[in-house]
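Asks: Full structure from sequences and hints, please.
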Amino acid sequence: MSNFEKSWKGDRGIGDKLRESLRPQGQLKAKISKAVYAINNQDRKLNTLLTNLQKKDRDYYRRILEALKTHDRDRATTYANELAAIRNSQKTINHAKLAIEQISARLGTVKDIGDLVATLAPAMSIIKSVSGTLSTVIPQADDEFNAISDLLSSALTDATQMSGISLDFAATNEEAEEILKQAEIQVEREMKERLPAVPTPEEEGMRL
Numbered sequence: 000m001s002n003f004e005k006s007w008k009g010d011r012g013i014g015d016k017l018r019e020s021l022r023p024q025g026q027l028k029a030k031i032s033k034a035v036y037a038i039n040n041q042d043r044k045l046n047t048l049l050t051n052l053q054k055k056d057r058d059y060y061r062r063i064l065e066a067l068k069t070h071d072r073d074r075a076t077t078y079a080n081e082l083a084a085i086r087n088s089q090k091t092i093n094h095a096k097l098a099i100e101q102i103s104a105r106l107g108t109v110k111d112i113g114d115l116v117a118t119l120a121p122a123m124s125i126i127k128s129v130s131g132t133l134s135t136v137i138p139q140a141d142d143e144f145n146a147i148s149d150l151l152s153s154a155l156t157d158a159t160q161m162s163g164i165s166l167d168f169a170a171t172n173e174e175a176e177e178i179l180k181q182a183e184i185q186v187e188r189e190m191k192e193r194l195p196a197v198p199t200p201e202e203e204g205m206r207l
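Just so we're aligned: 141 in numbering that gives the first Met the number 0 is position 142 of the sequence shown, and the numbers increase by one with no gaps anywhere.
Hint data in this document are derived by calculation from the structure and do not stem from the laboratory.
Check the hints yourself; a few may be wrong.
[What the hints assert, rightly or not] Derived BS3-like pairs: lysine-lysine, alpha-carbon spacing no greater than 25 Å straight-line:
#1 Lys90 to Lys30
#2 Lys96 to Lys127
#3 Lys44 to Lys191
#4 Lys44 to Lys30
#5 Lys110 to Lys44
Replies: So, in structure tokens, the structure goes:
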């Protein structure tokens with residue numbers, strides 16, 4: 000075998016090793032892209048559901064006013080209970096939307112493998128928390144969020160193996176809790192600003 004042939008075979012060996020080292024990075028990138036797509040898809044579904052609930056909110060609010068104007072307290076109370084349930088569902092969905100939108104935004108701006116690990120770890124905790132909360136409102140969403148959680152878990156495993164970074168689970172959980180807390184505060188504030196208070200018979204009687 001000539002020196003040229005030996006050199007060529009050696010180069011191919013280096014190329015093969017390089018491709019092998021890059022393959023896990025490509026697989027990791029694909030998993031992240033798939034997870035972001037799935038998260039954004041869930042966000043769109045939640046937005047559609049939220050729009051429908053907002054329409055119901057306005058409808059039940061109108062029914063309450065009409066019942067109070069005819070002094071039908073029982074019917075007004077029934078509608079008020081329905082409206083309270085609708086607003087609780089809106090709060091839950093809004094909270095979930097804000098949380099997963101933050102995850103999607105952060106995953107879209109990671110700069111390196113260390114940044115990715117730091118983003119994926121709390122993201123998994125948030126997805127699990129959101130899934131558990133949403134299951135009371137949208138039972139069918141559970142499977143879809145579990146699939147997202149599995150994707151993030153697989154990506155996190157790949158990222159930690161590639162980077163050799165050890166996770167601080169206490170710090171991770173603390174960050175996830177803070178993100179969820181801030182989302183909840185924002186939802187509470189926005190709903191108070193946007194939605195009128197449910198009228199009571201006493202308040203409506205004073206207006207009549």
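Asks: State for each hint whether it applies.
Replies: Going through the hints against the structure:
1. Lys90 to Lys30: 30 Å, violated
2. Lys96 to Lys127: Holds: Lys96 and Lys127 sit about 14 Å apart, inside 25 Å.
3. Lys44 to Lys191: Cα-Cα ~24 Å, so holds.
4. Lys44 to Lys30: Status holds; Cα separation ~21 Å.
5. Lys110 to Lys44: 29 Å, violated
Checked against the numbered hints above, the structure violates hints 1 and 5; every other hint is satisfied.
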